[in-house]
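Peer 1: What follows is each chain in one-letter form.
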Amino acid sequence: GAVVSQHPSRVICKSGTSVKIECRSLDFQATTMFWYRQFPKKSLMLMATSNEGSKATYEQGVEKDKFLINHASLTLSTLTVTSAHPEDSSFYICSARADRGEETQYFGPGTRLLVL
Amino acid sequence: RKEVEQDPGPFNVPEGATVAFNCTYSNSASQSFFWYRQDCRKEPKLLMSVYSSGNEDGRFTAQLNRASQYISLLIRDSKLSDSATYLCVVNRTGGFKTIFGAGTRLFVKA
Numbered sequence: 017g018a019v020v021s022q023h024p025s026r027v028i029c030k031s032g033t034s035v036k037i038e039c040r041s042l043d044f045q046a047t048t049m050f051w052y053r054q055f056p057k058k059s060l061m062l063m064a065t066s067n068e069g070s071k072a073t074y075e076q077g078v079e080k081d082k083f084l085i086n087h088a089s090l091t092l093s094t095l096t097v098t099s100a101h102p103e104d105s106s107f108y109i110c111s112a113r114a115d116r117g118e119e120t121q122y123f124g125p126g127t128r129l130l131v132l
Numbered sequence: 002r003k004e005v006e007q008d009p010g011p012f013n014v015p016e017g018a019t020v021a022f023n024c025t026y027s028n029s030a031s032q033s034f035f036w037y038r039q040d041c042r043k044e045p046k047l048l049m050s051v052y053s054s055g056n057e058d059g060r061f062t063a064q065l066n067r068a069s070q071y072i073s074l075l076i077r078d079s080k081l082s083d084s085a086t087y088l089c090v091v092n093r094t095g096g097f098k099t100i101f102g103a104g105t106r107l108f109v110k111a
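So the protein sequences, as listed, match chains A and B. Counted the way this note's numbering counts, the first sequence spans residues 17 to 132. Counted the way this note's numbering counts, the second sequence spans residues 2 to 111.
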């Protein structure tokens, strides 16, 4: 199956700092990538849809100035959590959809963010 | 009402048992359907797609009922390794929106 990587896998930071998370599709091109957040024992919540070469589409309630998304190429999307606060601590997962007519999403391994 | 609803469980079953999960969706514009499996503190992994004609993959059988707007997953001969959270996933047309159910937790015991 298709492979999606995320980096870093785990990050601990102080409140007020910014954290960048990278999502890469390793063996396929992905025009569209998705960013999710998951709190413990809760479902994945879509934060935004990242489109290569254009602005991301954010879900209702997600602050686009706080969660900056850049889809720089067909294989890379980044999520930057700006001025992180403890309530931003969560499991952030990206996924990518291959540009070959499939509807399947391939998920990255996720990034655990802990803001102290 | 949530757009995709699942029984959160947990389902506690012995090895070898057959267990079934149901999922209902409210948006009739939903186009495609999937079951994902998520292990604790891991990312979701695709288990199988779900088609109107039903599909089977080894011990796993998925069914879709568009008229009643529900999908199901049947696991036969449960293994310890089947213990996980099973996520019902629905893709909507128009902008390709994916909706995840909250998941059903399964514990298979020896």
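It is possible that some hints are incorrect.
Said to hold, decoys possible - Listed below are the simulated DMTMM-like cross-link pairs for lysine to aspartate or glutamate, each with C-alpha atoms no more than 25 Å apart in a straight line:
(1) B/80 to A/81
(2) B/3 to A/43
(3) A/57 to B/83
(4) B/3 to A/68
(5) A/80 to B/83
(6) B/98 to A/104
(7) B/98 to A/38
(8) B/46 to A/75
(9) B/110 to B/16
(10) A/58 to B/83
(11) A/57 to B/4
(12) B/3 to A/38
(13) B/98 to A/81
(14) A/71 to B/8
(15) B/98 to A/68
(16) A/58 to B/8
(17) A/58 to B/57
(18) B/98 to A/79
(19) B/43 to A/75
(20) B/43 to A/43
(21) B/43 to A/38
(22) A/82 to B/83
(23) A/57 to B/57
(24) B/3 to A/104
(25) B/3 to A/79
(26) B/3 to A/103
(27) B/46 to A/43
(28) B/46 to A/38
It should be emphasised that the hints constitute simulated quantities derived from the structure, not laboratory data. Only a predicted model underlies this, so the values are computations on that prediction, with no experimental measurement involved.
Peer 1: Does each hint hold? Answer for all of them.
Peer 2: Each hint, compared with the structure:
no.: 1; hint: B/80 to A/81; verdict: violated (46 Å)
no.: 2; hint: B/3 to A/43; verdict: violated (35 Å)
no.: 3; hint: A/57 to B/83; verdict: holds (18 Å)
no.: 4; hint: B/3 to A/68; verdict: violated (30 Å)
no.: 5; hint: A/80 to B/83; verdict: violated (38 Å)
no.: 6; hint: B/98 to A/104; verdict: holds (24 Å)
no.: 7; hint: B/98 to A/38; verdict: holds (22 Å)
no.: 8; hint: B/46 to A/75; verdict: holds (23 Å)
no.: 9; hint: B/110 to B/16; verdict: holds (6 Å)
no.: 10; hint: A/58 to B/83; verdict: holds (20 Å)
no.: 11; hint: A/57 to B/4; verdict: holds (18 Å)
no.: 12; hint: B/3 to A/38; verdict: violated (30 Å)
no.: 13; hint: B/98 to A/81; verdict: holds (22 Å)
no.: 14; hint: A/71 to B/8; verdict: violated (36 Å)
no.: 15; hint: B/98 to A/68; verdict: holds (17 Å)
no.: 16; hint: A/58 to B/8; verdict: holds (13 Å)
no.: 17; hint: A/58 to B/57; verdict: violated (28 Å)
no.: 18; hint: B/98 to A/79; verdict: holds (19 Å)
no.: 19; hint: B/43 to A/75; verdict: holds (23 Å)
no.: 20; hint: B/43 to A/43; verdict: holds (21 Å)
no.: 21; hint: B/43 to A/38; verdict: holds (17 Å)
no.: 22; hint: A/82 to B/83; verdict: violated (38 Å)
no.: 23; hint: A/57 to B/57; verdict: violated (28 Å)
no.: 24; hint: B/3 to A/104; verdict: holds (24 Å)
no.: 25; hint: B/3 to A/79; verdict: holds (22 Å)
no.: 26; hint: B/3 to A/103; verdict: holds (24 Å)
no.: 27; hint: B/46 to A/43; verdict: holds (17 Å)
no.: 28; hint: B/46 to A/38; verdict: holds (19 Å)
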